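Just so you know, the sequences run in chain order D and R.
Quick note: the first sequence uses my numbering, first residue 1, plus one each step.
Quick note: the second sequence uses my numbering, first residue 1, plus one each step.
Simulated from the structure, these hints should not be mistaken for laboratory data.
Quantities reported herein were computed from a predicted structural model and do not represent experimental measurements.
A few of these clues could be false.
Said to hold, decoys possible - Examples of chain D residues lying across from chain R (beta carbon under 10 Å, computed): (1) Gly20; (2) Glu222; (3) Asp225.
What the hints assert, rightly or not - Here are a few chain R residues that face chain D, going by a calculated C-beta distance under 7 Å: (4) Ser48; (5) Leu192; (6) Gln217; (7) His218; (8) Ala255.
What the hints assert, rightly or not - Straight-line Cα separation of at most 27 Å, DSSO-like style, residue types lysine-lysine; simulated pairs: (9) D:Lys127 - D:Lys62; (10) R:Lys317 - D:Lys254; (11) D:Lys266 - D:Lys254; (12) R:Lys262 - R:Lys250; (13) D:Lys266 - R:Lys262; (14) D:Lys266 - R:Lys147; (15) R:Lys317 - R:Lys250; (16) D:Lys254 - D:Lys304; (17) R:Lys250 - D:Lys266; (18) D:Lys127 - D:Lys147; (19) D:Lys324 - D:Lys304; (20) D:Lys304 - D:Lys266.
Quick reminder that beta carbons are idealized off the backbone N, C-alpha and C, glycines included.
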Amino acid sequence: MTEPLLKIENLRIELALRSGQAPVIDDLSLELRPGETLSFVGESGCGKSMTALAIMGLLPEKVGSIAGGRILFDGRDMAQMNDAQLRSIRGNEISMIFQEPMTSLNPVYTVGEQIAEVLRRHKGMSKQAAWARAIELLDAVRIPNAKSRVSDYPHQMSGGQRQRVMIAIALACAPKILIADEPTTALDVTVQAQIFDLLRDLGRETGTAIILITHDMGAVSEMADRMVVMYAGRKAEDGPVAPVISHPRHPYTKGLISCVPHLLAKLTEQRPDLTEVPGIVPALASFGADACLFASRCDMADDKCRSSRPPEVAFGEQHSACWKADQL
Amino acid sequence: MTALLTVENLSVRFPIKRGWGKTSWLYAVDDVSFEVQRGETLAIVGESGSGKTTAALGVARLVGNSGGKVDLAGEDFLALEPEALRRARAKVQVIFQDPYSSLNPRLRAEAIVREPMDSIGTLPVDQRAARVAELFEQVGLRPEQMKLFPHQFSGGQRQRIGIARALATNPELIICDEAVSALDVAVQAQILNLLRRLQRDLGLTYLFISHDLGVVQHMSDHIAVMYMGKIVEYADRLSLFNSPRHPYTKALLSAVPSVDQKRKVERLLIPGDPPDPLNPPRGCRFASRCHFVEDACRSEQPPLTEVAAHHKVACIKA
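Just chain D, same shape as in the assembly (with noise of 0.2 Å):
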């Protein structure tokens, strides 16, 4: 097996509340392999965006802070970094996409030169010959008529444009990994067709390795090879896509499967009830509890679930941190 590119080991952050501290991540263990595609699966406020901003060294200054664990890139512990260490990985070695393409980008600056900056910042590279990688960026990313676009104001490109260039941006140092949050929800199905196909070819193109933080199981089920389904600051399961989504061994990840209504290969006339999670996630407050967190929501819950963290059970390549994981 190879090296893995990125390892989280027992990672804990914890969240400044008035009441005290809160782990909104605990205990998450996790790896992510050169040229893979992982995805974080779960429901807002299950911890999956938090993670990504301990990977980029971004958890919001005074409030959030790892209080232990490892985050090994490269065999260096990202934890442990400085500003300036880090200001040299993110944007150069690791890079981030956001959910929203309309305010990610400076409007003030036209896109070439926040393509351009990039560059400069972390490659050295000339004015001109910064513009002129820009243009192959933007070319890269599929933005027609590259040459003359590259002076264009973000506000006079529309939203699947936007999501391309900050793409290009993120991909103008060649990453080693790509951090992807939410990148297509606020774009229509078709823009995010074509921002997905470019995604993957790119991926496959420059070897770098994606992590897609969605709850859309779709586009987990098309883009990924592995997955993470985090519930309250933990991971309730992973493990390689096709296996989890056809013999989910959590009820969370069962839950988060069947409450879609999911396009069929046939539809038919029948049209039963949508499987109910019911309830939502719990309070940030009761995150630390050794208990299954799941539990109020879950409707094989019993006395062991309340009263202990269930460890994490080995199905092959498939984990499930549920106490009644081999009966599903």
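Once you've looked at the hints, dock chain R against the given chain D.
What follows is chain R alone, placed relative to chain D:
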């Protein structure tokens, strides 16, 4: 079956000011006709800017400048005078997308649900409190929650308040404008099940606006697909999803990622962006992005033509 809502040649336009005294009109909905049968759900799908929301809100005269004919339960909506329109709106209510901004933060939940009855005057004053209590129960909220303010509820609960408010006047038609798009998937399932249960129990009629084809597939009986202000395809649920005819519908369906491994359709990517809505092309509006385009498509607008029972397509090659 009788049509509850008949819309004929509806156009909704917005003035766009261009310099001194010059106004051009943007037709967000351009000459659209459809019917909704009592007790069924018609979904209008399309991407942002397609005019789906404007078409639905235009029916209730909530946006823009509508032309054409809208018959809702025997009332000619577009011809009503302001006072008559206000009263007629008891027949059509809306569930909005954003459960955060669509509830007044300074009113208690019970006052929010009661408001349509007060402003339209559908029930005698002394019966309204009982009706509010009944509505709370119907949407799955507890009686003690009536006294709370919107910020004390979760997103899903707020959407339940929005649904109770929409039901308050016993409307004939409920417009669901992206009613579950802002919700997390697990909560979305709860609300979709609630909407279907209410439809079964109360015989409601929905005009269901959504960009999410999975949700539409689950909720609708008939579907109208819109592109740039026009209906390009209209069909019953099984025909639309199992045998789409318009190139845009096909592309739209093929773009949706699915967990069903058997549903490996070849993706029909649509190149480019839609044309400028202020200056729409003369012929078929999809022509500039269509893989099957020919000269005739660019010169004339294809009419919405019946190709099979309950299946209409606006494409000369369908």
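Hint glutamine 217 of chain R vs chain D: min CB-CB distance below 7 Å? 6 Å, holds
Holds or violated: lysine 266 of chain D with lysine 147 of chain R, Cα cutoff 27 Å? Violated - the C-alpha atoms of lysine 147 of chain R and lysine 266 of chain D are around 47 Å apart, more than 27 Å.
Under the criterion that the straight-line Cα-Cα distance not exceed 27 Å, is the pair lysine 266 of chain D, lysine 254 of chain D satisfied? 22 Å, holds
Given the proposed pairing of lysine 324 of chain D with lysine 304 of chain D, does the C-alpha separation stay at or below 27 Å? Roughly 10 Å between the alpha carbons, so the hint for lysine 324 of chain D and lysine 304 of chain D holds.
Below or equal to 27 Å on CA atoms is what counts here, so check lysine 317 of chain R against lysine 254 of chain D. Distance ~43 Å between lysine 317 of chain R and lysine 254 of chain D Cα, so the pair is violated.
Quick check on histidine 218 of chain R please, does its C-beta sit within 7 Å of some C-beta on chain D? The hint holds - histidine 218 of chain R has a Cβ within 7 Å of chain D, the shortest such distance being about 3 Å.
Satisfaction of hint between lysine 250 of chain R and lysine 262 of chain R, Cα-Cα up to 27 Å: Between lysine 262 of chain R and lysine 250 of chain R the Cα gap is close to 17 Å, so the pair holds against 27 Å.
Status of the hint placing aspartate 225 of chain D at chain R (closest C-beta pair under 10 Å): Violated: closest Cβ of chain R sits about 15 Å from aspartate 225 of chain D, beyond 10 Å.
Straight-line alpha-carbon gap lysine 317 of chain R to lysine 250 of chain R, limit 27 Å: Between lysine 317 of chain R and lysine 250 of chain R the Cα gap is close to 13 Å, so the pair holds against 27 Å.
Could you grab the alpha-carbon distance between lysine 266 of chain D and lysine 262 of chain R and see if it respects the 27 Å cut-off? It holds: about 9 Å lies between the C-alpha atoms, which stays within 27 Å.
Between lysine 127 of chain D and lysine 147 of chain D, is the straight-line Cα distance small enough, at 27 Å or below? It holds: about 16 Å lies between the C-alpha atoms, which stays within 27 Å.
Does the alpha-carbon distance linking lysine 304 of chain D and lysine 266 of chain D stay inside the 27 Å limit? 41 Å, violated
The structure fails hints 1, 3, 9, 10, 14 and 20 (numbered hints given earlier, in ascending order).
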